[in-house]
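Chemist: Hey, can you work out the whole structure from these sequences and the hints?
Chain by chain, the residues run as shown.
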Amino acid sequence: MSADLVSGQRDIALVDLVDRLLDKGVVLTGDITLSVANVDLVYVGLRALVSSVATAEREGVPLPRSAT
Amino acid sequence: VSESRDAGRGRLQDALRDIADEELAVVLEEARARARVRAIDIMERALVDAIVERASDRRAPASGDWGETGWWVYGVITADEAVALPQGIAGVETSTRVETVAQGDLAALVSPVPLAEYDDERLREHLNDLAWVERTARAHEAALDAALGATTVVPSRLCTLYRDKDGVRDMLASDHEQLAGAVERLRGCSEWGVKVFASEARLAEAARSDDGEDDGGRSDAAQYLRRKRDERELGERVDQLATACARECHARIGKVAASARVNPPQRREAHGHDAEMVLNGVYLVADAQRMALRATVDELRAEYEPLGFELEPTGPWPPYNFVAAGESER
Chain H
1 MSADLVSGQR DIALVDLVDR LLDKGVVLTG DITLSVANVD LVYVGLRALV SSVATAEREG
61 VPLPRSAT
Chain E
1 VSESRDAGRG RLQDALRDIA DEELAVVLEE ARARARVRAI DIMERALVDA IVERASDRRA
61 PASGDWGETG WWVYGVITAD EAVALPQGIA GVETSTRVET VAQGDLAALV SPVPLAEYDD
121 ERLREHLNDL AWVERTARAH EAALDAALGA TTVVPSRLCT LYRDKDGVRD MLASDHEQLA
181 GAVERLRGCS EWGVKVFASE ARLAEAARSD DGEDDGGRSD AAQYLRRKRD ERELGERVDQ
241 LATACARECH ARIGKVAASA RVNPPQRREA HGHDAEMVLN GVYLVADAQR MALRATVDEL
301 RAEYEPLGFE LEPTGPWPPY NFVAAGESER
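Residue numbers (this note's numbering), protein chains in the order written: chain H, 1 to 68; chain E, 1 to 330.
For the record, the hints were derived by calculation from the structure and aren't laboratory data. Treat each hint with caution, since some may be false.
Unchecked claim - Ranges between beta-carbon positions, derived for each pair:
#: 1; chain 1: E; residue 1: Y224; chain 2: H; residue 2: I12; range: 46 to 54 angstroms
#: 2; chain 1: H; residue 1: I12; chain 2: E; residue 2: M291; range: 20 to 28 angstroms
#: 3; chain 1: H; residue 1: L34; chain 2: E; residue 2: E184; range: 46 to 54 angstroms
#: 4; chain 1: E; residue 1: D287; chain 2: H; residue 2: L34; range: 44 to 52 angstroms
#: 5; chain 1: E; residue 1: R45; chain 2: H; residue 2: I12; range: 57 to 65 angstroms
#: 6; chain 1: H; residue 1: L34; chain 2: E; residue 2: G149; range: 50 to 58 angstroms
#: 7; chain 1: H; residue 1: I12; chain 2: E; residue 2: E177; range: 42 to 50 angstroms
#: 8; chain 1: E; residue 1: E299; chain 2: H; residue 2: L34; range: 41 to 49 angstroms
#: 9; chain 1: E; residue 1: Q87; chain 2: H; residue 2: I12; range: 18 to 26 angstroms
#: 10; chain 1: E; residue 1: L47; chain 2: H; residue 2: I12; range: 33 to 41 angstroms
What the hints assert, rightly or not - Anything over 12 angstroms on all C-beta distances counts as not near chain H; from chain E, calculated:
#: 11; residue: I42
#: 12; residue: Q87
#: 13; residue: E231
#: 14; residue: P318
Where a beta carbon is used, it is the ideal one built from N, C-alpha and C, also for glycine.
Modeler: Pasting the structure below:
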């Protein structure tokens, strides 16, 4: 990794990892865990701990939306 | 005359035949030497394949406590880039290695896992076990990081699993259009995150500084009402300042990005800063634009950090936020 913005980079926060790895990334056809991964129940415990997806609206945090 | 001409032609043919015989011997010798080299080459490759296959067979414990093997998919690359991958990238399961499964012009990065650990019940347990999630997520990310320097990867989500390699190949075939398009779109780019935090106390200070009216000479009631109004106005001004900063940061970083998106801010317990997250932006940036990104972040820091904001860039990341086409927010 060259020219990183943060020196001593890749000291990755778990919350950043979880937000990406569980919520983003490509969803592929025929993946056998898909049925489980989209069970909300699984996710709820995890999200309560580390993520915040629903908090934006609740707390009225100013979110810059697309300018267009 | 014609008789001597025939005799001459006969001698010429004899001479040519002699030369051909000599050449044949030389050619045969050379062909034999080249055949030897090619045979060695072919056998060398076959032997390498056989050794690698044996090695991967041995990874799964032979005792049977591993049980049925499934294939964990880290992401997808183009098949021609598979040779560029570093050797021996560690898989999510201890002592496994990442390998490729190719189908047409695409290849998936995979490693073996015990299927029994990923049935509905076990997976649910795992996903509710933060230590498991952290260990697994870091291993998945580390494998992709290792691949990232050498290839363009379309990263998959955690726990993307197939029962066998044929299942992986079927996926590569049926998702071909989406995946091939994504690889092309992401080539030469990395994902970066920029979070902006606002310290409310310092923001309020900045907002208050241009508000120096004197309360002297007013009645208590009037002072009280005025303070109430000031507090409300101050709160509004702080919100406006935070919104303006978030918009400005996102717009300016977006200018050096191929694609830009805003994710919901992380909550305070999760990000651990003593400040509110006012922007959680993600940017797909061409590697050639890295310095421009850095310069933009530095400029924004210089402008906004004195007001009580903090910019936190992260990256480079596999482009998790940009695997789907379109939806770019600029």
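Chemist: So, against the hints stated earlier in the document, which numbers end up violated here?
Modeler: 3, 4, 5, 6, 7, 14
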